[in-house]
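Peer 1: Heads up: the first sequence begins at 1 in the numbering used here, then just goes up one per residue.
Be aware that one or more of the hints could be misleading.
Said to hold, decoys possible - Below, a list of computed lysine-lysine pairs in the PhoX-like style, where the Cα atoms sit at most 20 Å apart:
hint	residue 1	residue 2
1	K50	K88
2	K87	K76
3	K78	K50
4	K58	K83
5	K204	K216
6	K87	K41
7	K170	K421
8	K172	K421
9	K376	K296
10	K421	K175
11	K170	K149
12	K83	K41
13	K135	K348
14	K149	K175
15	K160	K170
16	K58	K78
17	K248	K376
18	K69	K58
19	K296	K255
The set of hints was computed from the structure by calculation and includes no laboratory data.
The structure displayed is predicted, hence computed values, not measured ones.
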Amino acid sequence: MLQLQTIRESKDEVIRRLAKKHFDGPKFINEIARIDSERRKTLTELETIKAEANALAKQIGELMKSGKKAEADDIKNKSVALKDSEKKLQEVLAAFEEEQFNLLVQVPNLPNEVVPEGRTPAENATVFTHGDIPKLHEGAVPHWDLAAKYDLIDFELGVKLTGAGFPVYKNKGAKLQRALINFFLDRAAQAGYMEVQPPIMVNKDSGFGTGQLPDKEGQMYHVTVDDLYLIPTAEVPITNIYRDVILKAEELPVKNCGYTPCFRREAGSYGKDVRGLNRLHQFDKVEIVQIAHPSKSYEILEEMRHYVAGLLKELGLPFRTLLLCGGDMSFASAQTYDMEVYSAAQEKWLEVSSVSNFEAFQSNRLKLRFREGNEKPQLAHTLNGSALALPRIVAALLENNQTPEGIIIPEVLRPYTGFDKIS
RNA sequence: GGAGAGAUGGCAGAGUGGUCGAUUGCGGCAGUCUUGAAAACUGUUGAGGGUAACACCUCCGGGGGUUCGAAUCCCUCUCUCUCCGCCA
1 MLQLQTIRES KDEVIRRLAK KHFDGPKFIN EIARIDSERR KTLTELETIK AEANALAKQI
61 GELMKSGKKA EADDIKNKSV ALKDSEKKLQ EVLAAFEEEQ FNLLVQVPNL PNEVVPEGRT
121 PAENATVFTH GDIPKLHEGA VPHWDLAAKY DLIDFELGVK LTGAGFPVYK NKGAKLQRAL
181 INFFLDRAAQ AGYMEVQPPI MVNKDSGFGT GQLPDKEGQM YHVTVDDLYL IPTAEVPITN
241 IYRDVILKAE ELPVKNCGYT PCFRREAGSY GKDVRGLNRL HQFDKVEIVQ IAHPSKSYEI
301 LEEMRHYVAG LLKELGLPFR TLLLCGGDMS FASAQTYDME VYSAAQEKWL EVSSVSNFEA
361 FQSNRLKLRF REGNEKPQLA HTLNGSALAL PRIVAALLEN NQTPEGIIIP EVLRPYTGFD
421 KIS
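Could you build the full structure based on these sequences and the hints that come with them?
Peer 2: Laid out in structure tokens, this is it:
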């Protein structure tokens, strides 16, 4: 959520920057600004009346103490009249506040100036590429065929147990999952991230804090009996750890990581994009989260995307890093890098990580602040990234590393898998 | 699931209608003392809005109500704890 102060102080700039996200800034921002000034006018009036009423109540208290009941009753009558207009103003104020809030939550974050113009993924900027496109042997097949051939993943069994998009990992397929999770967690720990194991269901407040609610309600599984949501990413519980928290400046940056399953309804998805592991309702992911000093957050964004790139290099997967254009980035993000690996049998790029700086957009909702010395608390910046999402990594590993003799496990994973080949 | 108790500042814990944003202790910060540290002593120490700075307004789990006045009374919701039952 944008800060009202920002809108108040630099309305035109906000509108200009929102254009890159193809958001109707003039409509929303002008309206918010208009309501804001009305709201503030009402608030001032109301506070004046309250101050008067408080003063009268105090007087009454003193008069009662000294036994001057008649005088007290006199003032009481005055007070009753005040209370009446107080109540009316209160209602007017509440209406303004609600209206303003409802508009404000619909406004996306401002994109950073370096974010490219554009509407579609085609307009994202490729900022880095690494590795060669693998040449596969004759008869190479996509990962879903490999999964069946080596009995690694059973998609049909998942349908029986739950439904489409909930695969069952088996044998070396299950072990590979576990190996990747541990590999990612160990690397994150080495990079200074503290591991947490958060709940995988969250309440409404948490969903609101990171921006999933109310904007993306339909994307999450909702356990209605208890009014809880299955998390779409560990970002939600991990970032919400710091909701309503005031950190000391010395504690920044806070670095947390965590492995969780993630649940996404992916309503409306269909076709070959959802084949195999490409798009699932439940998947595993290791997430990295940082809470940063505003002056450091972009430096940290770069650090985080290089960290993720390092993982992909270690796994020997060809990848590219995209700087998302205004139209392709998420609601809450100010700048996002996507990392895509090349899946050689499908012959396409698969997104395996998204690293974003949200600046103060989430912290404003979260009331996540830090304090420098004795100064007033100010909003911190939040960042997160996948490091990494498993299914598409598995897809690329299976496809790219297939040989007529079997699938070769990358060197770095062998201590974790305990085997060097799937055959 | 049954019964009961409770929710107050970073923590502990007072406060049952009138200068209570809140006694006190611990913790934190600053100072005195000390070669330094500890101890002791003194002072200071919540958040948001508002202001040039004051003033002023709001917040004692959330919401609503009674009253001139609510942390204190009423209603309601949520959560926590204890005991019993069940249980990985």
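Peer 1: Give a verdict on every hint.
Peer 2: Checked hints:
no.	hint	result
1	K50 / K88	holds (12 Å)
2	K87 / K76	holds (17 Å)
3	K78 / K50	holds (13 Å)
4	K58 / K83	holds (15 Å)
5	K204 / K216	holds (12 Å)
6	K87 / K41	holds (16 Å)
7	K170 / K421	holds (15 Å)
8	K172 / K421	holds (9 Å)
9	K376 / K296	holds (19 Å)
10	K421 / K175	holds (12 Å)
11	K170 / K149	holds (12 Å)
12	K83 / K41	holds (19 Å)
13	K135 / K348	holds (13 Å)
14	K149 / K175	holds (16 Å)
15	K160 / K170	holds (15 Å)
16	K58 / K78	holds (13 Å)
17	K248 / K376	holds (11 Å)
18	K69 / K58	holds (14 Å)
19	K296 / K255	holds (13 Å)
Of the numbered hints given earlier, the model fails none.
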